Amino acid sequence: MSSQLETAQWKSGCAYVRGRSHIKEDVPCQDRAKGMEKDGVALIALADGAGSAKCSHIGAELAIEAVSAELTAGFDEALSLQEEDIAAGWLDRILASLESTADANGMVAADYASTLLVVAVKGDSYIAGHLGDGLIAVEREELEVLSHPENGEYANSTYFTTSRDAEARLRIYRGNVEDIKAFFLMSDGTAAAMHRRTDDTLAPALKTISGWFMEHSVETIEQALHQNLEQVIKNKTFDDCSIAVMRRID
Amino acid sequence: MSNLELFDQDLLDNPSARVPVCLVLDTSGSMKGEPIDELNRGVKLFMNEVREDEMAALSAEIAIVTFGGGVKQVVEFANIENQSIPELTATGRTPLGEAVNLSLDLLEARKKTYASLGIDYYQPWLVLMTDGAPTDDVTVAARRTSELIRNNKLTIFPIGIGADADMATLQAFSPKLPPVRLKGLNFNEFFMWLSQSITMKSQSTPGEDVKALPINPWADLSL
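Going down the list, the sequences are from chains F and H.
Note that the first sequence covers residues 1 to 250 in the working numbering.
Note that the second sequence covers residues 251 to 473 in the working numbering.
Since the hints were made in silico from the structure, they are not lab data.
All values reported here derive from a predicted model rather than from experimental measurement.
The C-beta atom is built at its ideal place from N, Cα and C for all residues, glycine as well.
Among these hints, one or two may not hold up.
Straight-line Cα separation of at most 30 Å, DSSO-like style, residue types lysine-lysine; simulated pairs [stated by the list, open to error]:
| # | chain 1 | residue 1 | chain 2 | residue 2 |
| --- | --- | --- | --- | --- |
| 1 | H | K426 | H | K361 |
| 2 | H | K403 | F | K54 |
| 3 | F | K236 | H | K362 |
| 4 | F | K54 | H | K426 |
| 5 | F | K236 | H | K403 |
| 6 | F | K34 | F | K24 |
| 7 | H | K322 | F | K24 |
| 8 | F | K54 | F | K11 |
| 9 | H | K426 | H | K294 |
| 10 | H | K294 | F | K24 |
| 11 | H | K361 | F | K236 |
| 12 | H | K433 | H | K282 |
| 13 | H | K294 | H | K322 |
| 14 | H | K322 | H | K362 |
Under 8 Å between C-beta atoms, here's a sample of chain F residues computed to sit facing chain H [claimed, not checked]:
| # | residue |
| --- | --- |
| 15 | R93 |
| 16 | A96 |
| 17 | Y173 |
For reference, chain F alone in the conformation it holds in the complex (with noise of 0.2 Å):
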């Protein structure tokens, strides 16, 4: 009963475009983003496809999917695991879903390579994840980064879930949500109009969505925040842009 009424205290809102060079090529959108609540757990994740990757928006969907089911089915656990044991579970369970869809489909795992990012959160505690770019923030009272994006040297190389350091470069956050208003994930996509990376500085357009939550229902909120990535951040970048937040409402 009582974790009912915690995570009742979370609400989650989602979006995901096709980017202007996707749009150019007639490739699909890549970034796949997700809200979910199940067993007192409340977690948003985001998997942004590899580019070259031929299966990668499947494989951005099976990354989230499987990473949602291990958090919310573990997440006492993981509370008290080393943090490579944590990293190690996801992606066996990752990997498990991507051989498998791959093997029905007469492909390989790289095939369905992705990013991913995730937050999830149980009474005081939360739990984050992060492999590869992207940015993963929080509003304290101010906003703050919470994980960078990690790429190689160059700009269109990072890490993915089929990556062969994979386990090395998952990145865990644990901690307590106790001055935590809201947590946000974006893809580099959206990254770049809402992190400058030469001061770190986050955009106040962040704190704004996260005022919508406070005044406006879920579905009202990932139909602005569809919109707003089609018509205003997509412009900023040529990439796909996805967005998942999730904002305390008590």
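On the provided structure of chain F, position chain H as indicated by the hints.
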């Protein structure tokens, strides 16, 4: 939806990721006449094409090093808007090794500048064009490019001009891609291809291999 709109002033801008491209061009005495004229036309076309493409203009940064008599940097890395098109003249010997060494130093320095300014960048490209054989020792320069290429830190396009181009030397710089001989003096086709390839590269996203465009418009593929 009036209060559900985001405005530009509440968003942030980032510099676009750069594609540094260094042209290393043979301007030795043997290029006199039609070859240097055609090369000049090609370079001009290239710089104009990059300038006119929205994405390439924001991303591509071009430097030009020539080797003919001495080695000179005739165009420095900068935004294309601030660059003027050089007029190349042909003279003297062919210090190709020295020119490649200088180009690698310039690319390395440029990457450091990007990093210090928080600007993302793509893997650098080096275009090497010659119509003859080097008159200096290329061992060190060839070793440097080969090592960079094997470590995925450089892409090189080695191009031979005319029948006397020393393709074996060009090959020594390029452990992955074989050198290609230009079809006649089709510099225009080559540089058109190069600017289009840069546009594609500048839009590539993480994990995406930059698909090389077919080289047939400018390459002599006859055996």
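For each hint, the structure was consulted:
Of the pairs offered as hints, the one joining K426(H) and K361(H) holds, with about 23 Å between alpha carbons and a cut-off of 30 Å not exceeded. Of the supplied pair hints, the one linking K403(H) and K54(F) holds, its CA atoms being roughly 25 Å apart against a limit of 30 Å. Proximity of K236(F) to K362(H) is assessed by CA-CA distance (about 25 Å); at most 30 Å being required, the pair is judged to hold. Between K54(F) and K426(H), the direct Cα distance comes to roughly 25 Å. Compliance with the 30 Å bound is thereby established for this hinted pair.
Between K236(F) and K403(H), the direct Cα distance comes to roughly 28 Å. Compliance with the 30 Å bound is thereby established for this hinted pair. With a C-alpha separation of about 26 Å, the suggested pair K34(F) and K24(F) falls inside the 30 Å cut-off, and the hint holds. Between K322(H) and K24(F) the alpha-carbon distance is near 40 Å, which puts this suggested pair outside the 30 Å criterion. As the CA atoms of K54(F) and K11(F) are separated by approximately 33 Å, the hinted pair breaks the 30 Å bound.
For the proposed pair K426(H) and K294(H), the alpha carbon gap of about 29 Å is at most 30 Å, so the pair holds. Taking the CA atoms of K294(H) and K24(F), the gap is about 28 Å. The hint holds against a cut of 30 Å. The hinted pair formed by K361(H) and K236(F) meets the criterion: a straight-line CA distance of about 24 Å does not exceed 30 Å. The straight-line distance between the Cα atoms of K433(H) and K282(H) is roughly 18 Å, inside the 30 Å bound, and the hint therefore holds.
Of the supplied pair hints, the one linking K294(H) and K322(H) holds, its CA atoms being roughly 18 Å apart against a limit of 30 Å. Of the pairs offered as hints, the one joining K322(H) and K362(H) holds, with about 21 Å between alpha carbons and a cut-off of 30 Å not exceeded. Because the smallest distance between the Cβ of R93(F) and any Cβ of chain H comes to about 21 Å, over 8 Å, the interface hint for this residue is violated. Proximity of A96(F) to chain H is violated relative to the hint, the smallest CB-CB distance being about 21 Å (cut-off 8 Å).
The beta carbon of Y173(F) comes no nearer than 22 Å to any beta carbon in chain H, farther than 8 Å, and the hint placing it at the interface is violated.
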